[in-house]
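Undergrad: Chains A and B, in that order, give the protein sequences.
Per the working numbering, the first sequence starts with residue 1, numbered consecutively.
Per the working numbering, the second sequence starts with residue 1, numbered consecutively.
Errors might be hidden in some of the hints.
As the list claims (entries may be wrong) - Mimicking DSBU-like on lysine-lysine, the simulated pairs with C-alpha atoms at most 35 Å apart in a straight line are:
(1) B:K45 with A:K45
(2) A:K71 with A:K119
(3) A:K45 with A:K18
(4) B:K119 with A:K119
(5) A:K18 with A:K53
(6) B:K53 with B:K71
(7) B:K18 with B:K53
(8) A:K119 with A:K18
(9) B:K119 with B:K71
(10) B:K119 with B:K53
(11) A:K71 with B:K119
(12) A:K119 with B:K71
(13) A:K53 with A:K71
(14) B:K45 with A:K71
(15) A:K45 with B:K71
(16) B:K18 with B:K45
(17) A:K45 with A:K71
(18) B:K119 with B:K18
(19) A:K71 with B:K71
(20) B:K45 with B:K71
(21) A:K71 with A:K18
Derived by calculation from the structure, the hints in this document are not laboratory data.
Computed from a predicted model, the values in this text were never measured in an experiment.
Protein chains: 2
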Amino acid sequence: MPLLRQVRRRRGLAELAKQHGLRLTSQRRVIFSILESANTHLNAKQILEEARKVAPGIDQVTVYRNLAVLKQLGVVDELDLLHLRGDEHYYEAKQTRAHSHVACLACGKVFEYYTPAMKRIHQELEREVGFSVSFSRIEIGGYCAACRDQGLAATPEASAAAKRRS
Amino acid sequence: MPLLRQVRRRRGLAELAKQHGLRLTSQRRVIFSILESANTHLNAKQILEEARKVAPGIDQVTVYRNLAVLKQLGVVDELDLLHLRGDEHYYEAKQTRAHSHVACLACGKVFEYYTPAMKRIHQELEREVGFSVSFSRIEIGGYCAACRDQGLAATPEASAAAKRRS
DNA sequence: GCAGCCATTGCAAAAATTTGCAATAATAGA
DNA sequence: TCTATTATTGCAAATTTTTGCAATGGCTGC
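Based on the sequences and whatever the hints tell you, model everything.
TA: As structure tokens, this is what we get:
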């Protein structure tokens, strides 16, 4: 059950779409505005429901296809936090800043984390392979301080416990 | 259509499963051995087909559930390369080494990339938040040298072209 | 403003994945 | 070795996501 989350964005999706040669259909307008005004995670079904309040005829397929388009444009990013949950996919709009998630394998908490090291990696790629970085994502799995203190880290029992909990 | 890829692993999946308190059923044995001997990407359907050659009665659901279990154990990792392709998920066994993928948004090529900076990030997390890193993944999107030379980078046309190509 | 091209849509159906539940079988402990 | 416990399986069905195709409607060029 994929989820969608909206994040700050400099320009409207509509403008961005136009810029990329996409047609601005009425359905697209609706979907875009839902994504832009949402402040929580939304999954495909929720988006569909919202959209139907405004445009009753809109089809599920259209929602999926437009999410796919936005993903391809690099505007939203489907992400599932290391697949810790297994069944939930999150979408989030690309942020300017290099972006990373650190997930505890024992308690399941996910932290956002920023480090200047990321910038260095970008520069390294630029310099050594001539690759120009548009965006990047780090996902790290491990055990947070609290769980380690409780002895939950890295043992088979901890994994089993985490599994049961999920 | 998720894909599976097998990667070097220090101990057998069976041993690992036991260690985590999982039961070693005959189906599991079959699935594990398929994963262990595969040297290309495999998707769920392919695994099922392989498994049925040995254990004709095995069900699709069993394959899915065991893949989920392995994911939760952190033994295989479902990954979809920045969702560039949109429809293909790749699984790969966790590697010891910090692991990263760099994908060109224009030509779609994916490079593997290793950098000592990753190690530094681990140490930083360890030192500053007391988080102990088990594994990590970097995914970077941008434009490779070749595509930049062809002027494909970062322009609306390039995105459209990349989209068409996919 | 109008015509034509072609991206986009809706529908129907396929494919992929997940879930509920009763039956089965792996494992620990007697 | 045998028994009880309970994880795991298979089946059926639900859910989610993708695909094929004809019809529609946005946009470009006139």
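Undergrad: Hint by hint, note whether the structure agrees.
TA: Structure-based check of all given hints:
no., hint, verdict
1, B:K45 with A:K45, "holds (26 Å)"
2, A:K71 with A:K119, "holds (23 Å)"
3, A:K45 with A:K18, "holds (26 Å)"
4, B:K119 with A:K119, "holds (15 Å)"
5, A:K18 with A:K53, "holds (25 Å)"
6, B:K53 with B:K71, "holds (24 Å)"
7, B:K18 with B:K53, "holds (25 Å)"
8, A:K119 with A:K18, "holds (30 Å)"
9, B:K119 with B:K71, "holds (24 Å)"
10, B:K119 with B:K53, "violated (43 Å)"
11, A:K71 with B:K119, "holds (30 Å)"
12, A:K119 with B:K71, "holds (30 Å)"
13, A:K53 with A:K71, "holds (24 Å)"
14, B:K45 with A:K71, "holds (26 Å)"
15, A:K45 with B:K71, "holds (26 Å)"
16, B:K18 with B:K45, "holds (26 Å)"
17, A:K45 with A:K71, "holds (17 Å)"
18, B:K119 with B:K18, "holds (31 Å)"
19, A:K71 with B:K71, "holds (24 Å)"
20, B:K45 with B:K71, "holds (17 Å)"
21, A:K71 with A:K18, "holds (15 Å)"
The structure does not agree with numbered hint 10 stated previously, though it agrees with all others.
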